[in-house]
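K.L.:
Sequence:
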Amino acid sequence: MEQRKQQGIFQRIREISIRNLLIILTVSTTLTLGVVSVLILASTRHKSHTADSSLYSHGSSIQRLIQSSQSQSDQILDFNKPESLLSKILIPRPVGSQNLSLCRSIFVDHFNRISSRIIIPSPQRDMGSENSDSNIIRLDLPSNSTSGRNISSHHKDSVSHLSHEFSTWKLQEHSFTDQTPLGPRKFTSQIFTHDPQASHRVILSAHIDSKILGDDPDRNSFIGATDSAAPVAIILSIVKALSPILDRKLLVESQGMKSDDDDRLTLQVVLLDGEEAFKEWSPTDSIYGARALAEEWSKPISQGSRSKEMKENEKMMRSIDQIKSFILLDLIGSNDTVITNHFQNTGDLYDLWQAAEERMLRETGSHPISSSGNNGTITGRKSFFVKRNSQSETFSQPIEDDHLPFQKEGVPILHLISSPFPTVWHQNSDDRTALDLRVLREWSMLGQIAMIEYLQLEKYL
7 MEQRKQQGIF QRIREISIRN LLIILTVSTT LTLGVVSVLI LASTRHKSHT
57 ADSSLYSHGS SIQRLIQSSQ SQSDQILDFN KPESLLSKIL IPRPVGSQNL
107 SLCRSIFVDH FNRISSRIII PSPQRDMGSE NSDSNIIRLD LPSNSTSGRN
157 ISSHHKDSVS HLSHEFSTWK LQEHSFTDQT PLGPRKFTSQ IFTHDPQASH
207 RVILSAHIDS KILGDDPDRN SFIGATDSAA PVAIILSIVK ALSPILDRKL
257 LVESQGMKSD DDDRLTLQVV LLDGEEAFKE WSPTDSIYGA RALAEEWSKP
307 ISQGSRSKEM KENEKMMRSI DQIKSFILLD LIGSNDTVIT NHFQNTGDLY
357 DLWQAAEERM LRETGSHPIS SSGNNGTITG RKSFFVKRNS QSETFSQPIE
407 DDHLPFQKEG VPILHLISSP FPTVWHQNSD DRTALDLRVL REWSMLGQIA
457 MIEYLQLEKY L
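Last residue of the sequence shown: 467 in the working numbering, with the numbers rising by one and none dropped.
Worth flagging that the hints you see were computed from the coordinates, not collected in a lab.
Heads up, the beta-carbon is just placed ideally off N, CA and C, and yes, glycines get one too.
A portion of the hints provided could be inaccurate.
Derived lysine-lysine pairs resembling DSS-like cross-links, with alpha carbons at most 25 Å apart [to be verified]:
1. K94 x K192
2. K217 x K192
3. K305 x K330
4. K330 x K285
5. K465 x K330
Computed Cβ-Cβ distance ranges for the label pairs, DEER-style [as the list claims (entries may be wrong)]:
6. M323 x S435: 39 to 49 Å
7. T429 x F172: 38 to 48 Å
8. R119 x S181: 15 to 25 Å
9. N351 x S304: 31 to 41 Å
10. M323 x Q185: 23 to 33 Å
11. E171 x S435: 29 to 39 Å
12. N351 x P426: 16 to 26 Å
13. L108 x D342: 26 to 36 Å
14. D115 x S77: 17 to 27 Å
15. Q350 x D222: 37 to 47 Å
Required output: the full structure, derived from the provided sequences and hints.
P.N.:
Here it is as structure tokens:
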């Protein structure tokens, strides 16, 4: 019966066009808030709905996602347009600079725009009743406002029985000061979590700082387009496309869920500060933000803050133990991007991303392609991913990067870094001219496909 209730909720969300549904759209009169509240009110009970969980049985849905992906992703990735997010962060952004603070504000604004306030009905209500108020599911769609959201008194009365209310993409900042070869420096990493109440998470991560080239930090002009402005933009493009799908999944899974259920898996974005060395790369002069965050997450969680699952599992008493996978993007965006597998224990996850590229090319009717410079001329390319079990796999000497402190604590790592490094690595030529827009678009699309399968989002498309 409980499964039937959940499926009925899912049916009401997906099949809005059927006449048994009444959709009430209420636009807030306060323009600065601009909240669109969607009340989905079911007037009758519906038949159960089951969806095939295989990604490949949802071809038309994936095709629609890909077709709508480019226009949305170009708002973030098209560096030829000054208003795009990537264009705005293609600036020197060394640790502690005003430019880096500006970039952080841009990232916060991005997540504010895709954030939703979700109110979940109380699981104690009879959700099968035709006239029950608990048939109301409310989702406040994101607006352009970065301020709070108002709800009319009428709507407050309508949803007063709802027991769970929170905003997606919760921001946490991890700030600290550390000693560097240039003296003490303050670092701030940003963590954005779609479902802050979930007990498990998969992480997409990249670093936000750019390297200081030369002896004078104040005269530094290094941008770091592939290192790592483009990887950050790719991640933000992926999460923008996935966010409404994650919202639907969260709403469906939460119906009838008890407060102590701890099996939800969410997506988390970790934007790390201080990856670059100030002088020469060493264990103490590199990956400052990653080292500090891994140390913080490795501390025991207080007894009162532990989830039910953690209380029952003595090996899960730290936040870092709740990470299912840590997926790190770096040095991506040029037309010579080549990815190899670095870890045996995440070989299946590597295969998933490689299969996602093949799926993307098949759905778009394309073949592996690339651009000559950034003018869009097709010259042909090999797959981004080198197949596993080849001589290119480097298990013995993986590349040193932000993943290291997490790996040492037992977190499964997928390191998506171009190897060999791009020819522009740590050169002033690593600017917008080093980027290939087609490559950026493809990485956004294949990343969406990979994460849809990993997070089992297929039936919510």
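K.L.:
All the hints need checking, so say for each whether the structure fits it.
P.N.:
Hints versus structure:
{"no.": "1", "hint": "K94 x K192", "in the structure": "holds (23 Å)"}
{"no.": "2", "hint": "K217 x K192", "in the structure": "holds (15 Å)"}
{"no.": "3", "hint": "K305 x K330", "in the structure": "holds (17 Å)"}
{"no.": "4", "hint": "K330 x K285", "in the structure": "violated (34 Å)"}
{"no.": "5", "hint": "K465 x K330", "in the structure": "holds (21 Å)"}
{"no.": "6", "hint": "M323 x S435: 39 to 49 Å", "in the structure": "holds (47 Å)"}
{"no.": "7", "hint": "T429 x F172: 38 to 48 Å", "in the structure": "holds (46 Å)"}
{"no.": "8", "hint": "R119 x S181: 15 to 25 Å", "in the structure": "holds (24 Å)"}
{"no.": "9", "hint": "N351 x S304: 31 to 41 Å", "in the structure": "violated (19 Å)"}
{"no.": "10", "hint": "M323 x Q185: 23 to 33 Å", "in the structure": "holds (30 Å)"}
{"no.": "11", "hint": "E171 x S435: 29 to 39 Å", "in the structure": "violated (50 Å)"}
{"no.": "12", "hint": "N351 x P426: 16 to 26 Å", "in the structure": "holds (24 Å)"}
{"no.": "13", "hint": "L108 x D342: 26 to 36 Å", "in the structure": "holds (30 Å)"}
{"no.": "14", "hint": "D115 x S77: 17 to 27 Å", "in the structure": "holds (20 Å)"}
{"no.": "15", "hint": "Q350 x D222: 37 to 47 Å", "in the structure": "holds (44 Å)"}
The structure is inconsistent with the numbered hints 4, 9, 11, although it conforms to all the rest.
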